[in-house]
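Participant: With chain A fixed as given, assemble chain B onto it according to the hints.
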Amino acid sequence: AQSVAQPEDQVNVAEGNPLTVKCTYSVSGNPYLFWYVQYPNRGLQFLLKYITGDNLVKGSYGFEAEFNKSQTSFHLKKPSALVSDSALYFCAVRDYGSSNTGKLIFGQGTTLQVKP
Amino acid sequence: KAGVTQTPRYLIKTRGQQVTLSCSPISGHRSVSWYQQTPGQGLQFLFEYFSETQRNKGNFPGRFSGRQFSNSRSEMNVSTLELGDSALYLCASSLASGSTYEQYFGPGTRLTVT
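Top to bottom, those sequences are chains A and B.
Okay, so the first sequence: first residue is 5 according to this note's numbering, each after it adds one.
Okay, so the second sequence: first residue is -19 according to this note's numbering, each after it adds one.
So that you can see chain A by itself, here it is in the shape it has in the complex (with noise of 0.2 angstroms):
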């Protein structure tokens, strides 16, 4: 079965300083993989995906994120924090168990705070 790990709850960082939440995935064939960020209240809102291709992948807000097949790791990066990044991120994996449907299987959430 498919599975997603986001190993840390939370992540602090300080506001210009670069930001890495973790994710690692198990997947039976090639994975899909989405980041997605959840502000208080509100949605889930896109940041980026990995299909196929290169292994660094550009996302909005600045953010991005590298895959890493021997690691199964897709790890999020933004070179340097801004406290308006501070929410809750969602990494996930297309459940291949569906016969290519949409359902998506997500991480249980790594809360991000930036301090100024």
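To be clear, the hints were calculated from the coordinates, so they are not data collected in a lab.
There could be a bad hint or two in this list.
Derived EDC-like pairs: lysine to aspartate or glutamate, alpha-carbon spacing no greater than 16 angstroms straight-line [as the list claims (entries may be wrong)]:
| hint | chain 1 | residue 1 | chain 2 | residue 2 |
| --- | --- | --- | --- | --- |
| 1 | A | Lys62 | B | Glu82 |
| 2 | A | Lys81 | A | Glu70 |
| 3 | A | Lys73 | A | Asp89 |
| 4 | A | Lys53 | A | Glu68 |
| 5 | A | Lys81 | A | Glu19 |
| 6 | A | Lys53 | B | Glu32 |
Using C-beta positions, here's what the derived DEER-type ranges look like [as the list claims (entries may be wrong)]:
| hint | chain 1 | residue 1 | chain 2 | residue 2 | range |
| --- | --- | --- | --- | --- | --- |
| 7 | B | Ser2 | A | Pro22 | 28 to 34 angstroms |
| 8 | B | Phe40 | A | Ser7 | 16 to 22 angstroms |
| 9 | A | Gln112 | B | Phe40 | 15 to 21 angstroms |
| 10 | A | Asn45 | B | Thr0 | 41 to 47 angstroms |
| 11 | A | Lys119 | B | Ser50 | 47 to 53 angstroms |
| 12 | B | Asn39 | A | Ser84 | 40 to 46 angstroms |
| 13 | B | Tyr(-10) | A | Pro22 | 48 to 54 angstroms |
| 14 | A | Asn21 | B | Thr0 | 44 to 50 angstroms |
| 15 | A | Leu60 | B | Gly(-17) | 23 to 29 angstroms |
| 16 | A | Glu70 | B | Asn57 | 27 to 33 angstroms |
| 17 | B | Gly(-17) | A | Gly66 | 27 to 33 angstroms |
Chain A regions said to be covered by chain B (calculated; three or more residues, Cβ under 8 angstroms) [stated by the list, open to error]:
| hint | region |
| --- | --- |
| 18 | 16 to 23 |
| 19 | 74 to 86 |
| 20 | 108 to 117 |
Every residue, glycine too, gets a C-beta built ideally from N, C-alpha and C.
Facilitator: Showing chain B alone in chain A's frame:
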């Protein structure tokens, strides 16, 4: 282009009642998925509809049902509400059904069951 809209945004119901939630996808999007978000279980897939057909269903009891209309709008229904059904229900739309399409989420409907 307008985003995914969900109505109502907040709902308070009593145990045993039923509820219907509505989702209007982004214009041109034909696939709609529903997710339940709770602090304990996180985000869990409920079902996905494409061209008025249910393509996939999550591990939820039969009290949870949904449908999609010809204009791609979708509704989900929960009958005989239980306290544990209190959650944020999120709707997501995508251009089509398939592994590579990203999903765009609405703001959610916050359901409280008392």
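Participant: Decide, hint by hint, whether the structure agrees.
Facilitator: Hints and how they fare:
| no. | hint | verdict |
| --- | --- | --- |
| 1 | A:Lys62 x B:Glu82 | holds, 15 angstroms |
| 2 | A:Lys81 x A:Glu70 | holds, 8 angstroms |
| 3 | A:Lys73 x A:Asp89 | violated, 27 angstroms |
| 4 | A:Lys53 x A:Glu68 | holds, 9 angstroms |
| 5 | A:Lys81 x A:Glu19 | holds, 14 angstroms |
| 6 | A:Lys53 x B:Glu32 | violated, 27 angstroms |
| 7 | B:Ser2 x A:Pro22: 28 to 34 angstroms | violated, 42 angstroms |
| 8 | B:Phe40 x A:Ser7: 16 to 22 angstroms | holds, 19 angstroms |
| 9 | A:Gln112 x B:Phe40: 15 to 21 angstroms | holds, 19 angstroms |
| 10 | A:Asn45 x B:Thr0: 41 to 47 angstroms | violated, 22 angstroms |
| 11 | A:Lys119 x B:Ser50: 47 to 53 angstroms | holds, 50 angstroms |
| 12 | B:Asn39 x A:Ser84: 40 to 46 angstroms | holds, 41 angstroms |
| 13 | B:Tyr(-10) x A:Pro22: 48 to 54 angstroms | violated, 38 angstroms |
| 14 | A:Asn21 x B:Thr0: 44 to 50 angstroms | holds, 47 angstroms |
| 15 | A:Leu60 x B:Gly(-17): 23 to 29 angstroms | holds, 28 angstroms |
| 16 | A:Glu70 x B:Asn57: 27 to 33 angstroms | violated, 42 angstroms |
| 17 | B:Gly(-17) x A:Gly66: 27 to 33 angstroms | violated, 21 angstroms |
| 18 | 16 to 23 | violated (count 0) |
| 19 | 74 to 86 | violated (count 0) |
| 20 | 108 to 117 | holds (count 6) |
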